[in-house]
Amino acid sequence: MADTLPLKHSVPVRHALAMYWRALAAQVRSIIEYPADLWVMASAGAVWNLLQFAFLAVLFSTVPDVEGWGFHEMLLLSGLLSIAGGANALLFDGAWSTGQMVIKGDIDYRLTRPAPVVLQVGSSHIGLQSFGELLLGFAMFVYGWIGAGLGPAWIPVGLFAIACAAVIQCGLVTALCAVNFWIKSPMSMFAFLMIDLQGGAMKLPLGVFPAAVRVISLFIVPVAFVNVVPVAVIAGHMSAWWLIGTPVTALFAVVLAAGVYRLGLRAYDSAGH
Amino acid sequence: MPILEARSLTKTFRRPDKAPGFKGALKHLAQRRYKTYTAVDAIDLAIEPGESVAYVGPNGAGKSTTVKLLTGILRPSEGTVRVMGRDPHTERIANAHDIGVLFGQRTQLWWDLPVEESLKLLKHMYGVSDADYKARIAKFDELLDLGEFMPSLARTLSLGQRMRADLACALIHAPKMVYLDEPTIGLDISVKDRLRAFLRELVDEGTTLLLTSHDLADIEEVCERIVVIDKGTVAYDGPIQQLKAHYITTKAVNLILEGPADVPALAEKFPEYGWAAGEAPSEVVVTYESNRFTTAEVLGGLTAQLAPRDLSLSEPSIEDVIRRLYAGELTR
Numbered sequence: 001m002a003d004t005l006p007l008k009h010s011v012p013v014r015h016a017l018a019m020y021w022r023a024l025a026a027q028v029r030s031i032i033e034y035p036a037d038l039w040v041m042a043s044a045g046a047v048w049n050l051l052q053f054a055f056l057a058v059l060f061s062t063v064p065d066v067e068g069w070g071f072h073e074m075l076l077l078s079g080l081l082s083i084a085g086g087a088n089a090l091l092f093d094g095a096w097s098t099g100q101m102v103i104k105g106d107i108d109y110r111l112t113r114p115a116p117v118v119l120q121v122g123s124s125h126i127g128l129q130s131f132g133e134l135l136l137g138f139a140m141f142v143y144g145w146i147g148a149g150l151g152p153a154w155i156p157v158g159l160f161a162i163a164c165a166a167v168i169q170c171g172l173v174t175a176l177c178a179v180n181f182w183i184k185s186p187m188s189m190f191a192f193l194m195i196d197l198q199g200g201a202m203k204l205p206l207g208v209f210p211a212a213v214r215v216i217s218l219f220i221v222p223v224a225f226v227n228v229v230p231v232a233v234i235a236g237h238m239s240a241w242w243l244i245g246t247p248v249t250a251l252f253a254v255v256l257a258a259g260v261y262r263l264g265l266r267a268y269d270s271a272g273h
Numbered sequence: 001m002p003i004l005e006a007r008s009l010t011k012t013f014r015r016p017d018k019a020p021g022f023k024g025a026l027k028h029l030a031q032r033r034y035k036t037y038t039a040v041d042a043i044d045l046a047i048e049p050g051e052s053v054a055y056v057g058p059n060g061a062g063k064s065t066t067v068k069l070l071t072g073i074l075r076p077s078e079g080t081v082r083v084m085g086r087d088p089h090t091e092r093i094a095n096a097h098d099i100g101v102l103f104g105q106r107t108q109l110w111w112d113l114p115v116e117e118s119l120k121l122l123k124h125m126y127g128v129s130d131a132d133y134k135a136r137i138a139k140f141d142e143l144l145d146l147g148e149f150m151p152s153l154a155r156t157l158s159l160g161q162r163m164r165a166d167l168a169c170a171l172i173h174a175p176k177m178v179y180l181d182e183p184t185i186g187l188d189i190s191v192k193d194r195l196r197a198f199l200r201e202l203v204d205e206g207t208t209l210l211l212t213s214h215d216l217a218d219i220e221e222v223c224e225r226i227v228v229i230d231k232g233t234v235a236y237d238g239p240i241q242q243l244k245a246h247y248i249t250t251k252a253v254n255l256i257l258e259g260p261a262d263v264p265a266l267a268e269k270f271p272e273y274g275w276a277a278g279e280a281p282s283e284v285v286v287t288y289e290s291n292r293f294t295t296a297e298v299l300g301g302l303t304a305q306l307a308p309r310d311l312s313l314s315e316p317s318i319e320d321v322i323r324r325l326y327a328g329e330l331t332r
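In the order they appear, the protein sequences are chains Y and F.
Its first residue numbered 1, the first sequence is counted upward by one per residue in the UniProt record's numbering.
Its first residue numbered 1, the second sequence is counted upward by one per residue in the UniProt record's numbering.
No lab work stands behind these hints, which were simulated from the structure alone.
Sample of chain Y residues with no beta-carbon within 12 Å of chain F, all distances over it, derived:
#: 1; residue: Ala46
#: 2; residue: Val66
#: 3; residue: Gly70
#: 4; residue: Gly149
#: 5; residue: Ser185
#: 6; residue: Leu193
#: 7; residue: Ile195
#: 8; residue: Leu206
#: 9; residue: Leu256
Distance windows between CB atoms, simulated:
#: 10; chain 1: Y; residue 1: Ser185; chain 2: F; residue 2: Ser77; range: 18 to 26 Å
#: 11; chain 1: Y; residue 1: Leu51; chain 2: F; residue 2: Gly60; range: 50 to 58 Å
#: 12; chain 1: Y; residue 1: Lys184; chain 2: F; residue 2: Trp111; range: 19 to 27 Å
#: 13; chain 1: Y; residue 1: Pro12; chain 2: F; residue 2: Ile185; range: 35 to 43 Å
#: 14; chain 1: Y; residue 1: Ala163; chain 2: F; residue 2: Ser152; range: 34 to 42 Å
#: 15; chain 1: Y; residue 1: Tyr34; chain 2: F; residue 2: Ala42; range: 49 to 57 Å
#: 16; chain 1: F; residue 1: Gly60; chain 2: Y; residue 2: Arg266; range: 20 to 28 Å
#: 17; chain 1: F; residue 1: Asp145; chain 2: Y; residue 2: Trp154; range: 58 to 66 Å
#: 18; chain 1: Y; residue 1: Val28; chain 2: F; residue 2: Gly24; range: 43 to 51 Å
#: 19; chain 1: Y; residue 1: Gln100; chain 2: F; residue 2: Asp145; range: 28 to 36 Å
#: 20; chain 1: F; residue 1: Trp111; chain 2: Y; residue 2: Ile146; range: 36 to 44 Å
#: 21; chain 1: Y; residue 1: Gly207; chain 2: F; residue 2: Arg106; range: 45 to 53 Å
#: 22; chain 1: Y; residue 1: Ala163; chain 2: F; residue 2: Ala42; range: 51 to 59 Å
#: 23; chain 1: F; residue 1: Ala197; chain 2: Y; residue 2: Val28; range: 33 to 41 Å
We put the beta carbon where it would ideally sit given N, CA and C, even for glycine.
Sequences and hints are given; from them, build the entire structure.
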């Protein structure tokens with residue numbers, strides 16, 4: 001066909017990413033044009049983060065520090081985790097629908113289009129709560145940054161940590177949601193467990209946990225690299241060498257997500273036969 | 001050279017083999033057993049460029065599974081598929097540019113976006129030029145009345161609107177091979193007519209079409225060739241007209257007589273034909289075996305002896321033939 005791109009067996013990365021951003025941009029345009037649910041959902045995301053802030057404020061009104069971490073450093077932890085969660089909801093929320101799509105056979109159409117299925121699924125939906133999570137997450141992060149007395153020299157590191165946190169979060173959630181290609185459940189249980197682990201443990205310094213939890217969160221399900229490791233490095237609680245693990249984990253998360261999705265698509269047998 | 005060729009195409013699925021109820025579920029948990037179910041069984045199919053093929057069969061016959069194998073959605077358990085010389089599963093991306101797919105039971109529209117945005121996303125995905133996109137949208141609008149709901153969110157569309165929008169999505173990149181799985185399911189008569197007219201035009205322009213439908217009017221109006229599938233195997237493959245000629249051997253003439261029809265007397269007078277009362281007292285239906293009598297012979301004899309006020313020939317119904325094929329009353 002004269003008017004199609006000269007694609008053969010794979011999609012050029014630039015074309016695939018352009019398609020992905022267009023899908024997201026179209027969703028954002030639609031949300032702006034039809035904002036019925038936006039305010040409710042965005043407020044829900046914001047309120048959840050306000051509660052986190054209130055919890056930390058109350059906690060630090062009674063204790064001076066937690067394992068040597070002060071209030072503002074803990075705000076950095078919670079803020080970066082919220083940003084990562086908000087980024088997942090904004091940039092790759094569709095991955096959470098993998099299980100439902102597998103059960104209903106909704107992957108079918110995506111397999112007949114000239115674009116990577118994982119990007120089509122990831123960009124199929126935007127979580128409206130992301131706007132509230134991102135806004136309050138950034139507010140907590142900036143407030144913690146200023147309160148912790150971090151200078152502007154660390155800003156590039158902070159931005160780098162935010163970018164890596166978003167990629168790691170999206171990658172790990174997508175990989176765990178892709179497990180539903182095999183277990184055929186509409187609920188992304190493993191991804192929920194990861195979020196639960198993050199919500200329960202990754203808002204505190206690693207030092208408060210036993211070694212097993214530290215090993216799991218650093219090397220098995222490397223969620224510590226989303227927020228704990230970069231904040232610990234920035235705040236001077238860990239050696240700067242640990243920061244190398246952040247982009248490495250981001251790359252690992254992307255490769256893992258793409259790999260598990262690819263294997264999942266091989267196991268996909270549609271619905272209604 | 002065929003645009004699509006499937007050889008010994010087979011697809012099996014594994015299903016849990018367990019007794020019903022809670023007890024059966026518990027037993028299956030301890031002792032897992034599976035049965036292999038063959039959905040498509042060694043099907044051979046070749047479609048030439050420009051052909052319009054109806055792929056029909058009863059529920060569970062393997063139609064949708066075959067379409068999924070031909071489009072590359074599923075991997076065959078055995079056998080091969082080639083679409084324009086490519087394996088649609090392993091060469092998915094290249095194949096996607098040449099095929100258009102519509103599953104009537106599902107939508108490919110982005111649920112939270114206006115129809116126009118879905119079409120634009122597909123335009124970019126397939127790399128359709130601005131000029132071609134405009135021309136195709138104008139044509140779809142003319143034939144399918146897309147304009148009225150282009151700004152509407154997909155989730156607000158009626159079924160008929162959704163199907164028309166999905167058809168536009170399937171064809172926005174002018175694919176050479178189009179698969180339509182139940183494209184008229186749940187639609188009212190006027191939308192069905194419009195869709196069929198559109199599909200006829202598509203075929204006239206040279207697009208190759210594989211259509212599955214339970215609505216046999218879709219098939220008769222759009223397709224020239226029919227493949228009947230049952231229990232995963234091909235029960236018939238050939239021109240629709242040939243299917244009718246081969247299997248429809250009983251034809252019918254409706255006669256309107258000047259006065260009330262005395263059916264027993266007529267049956268006695270013309271025992272070589274079948275006789276039945278029509279809807280009106282003066283109407284009678286005469287059936288005859290087309291392999292024994294020509295229509296001219298029958299009409300000549302009856303008009304000469306009965307001098308009917310009016311008469312009409314009943315067109316043979318393909319629906320009846322397919323029903324009998326499904327029921328196993330007819331053989332290949």
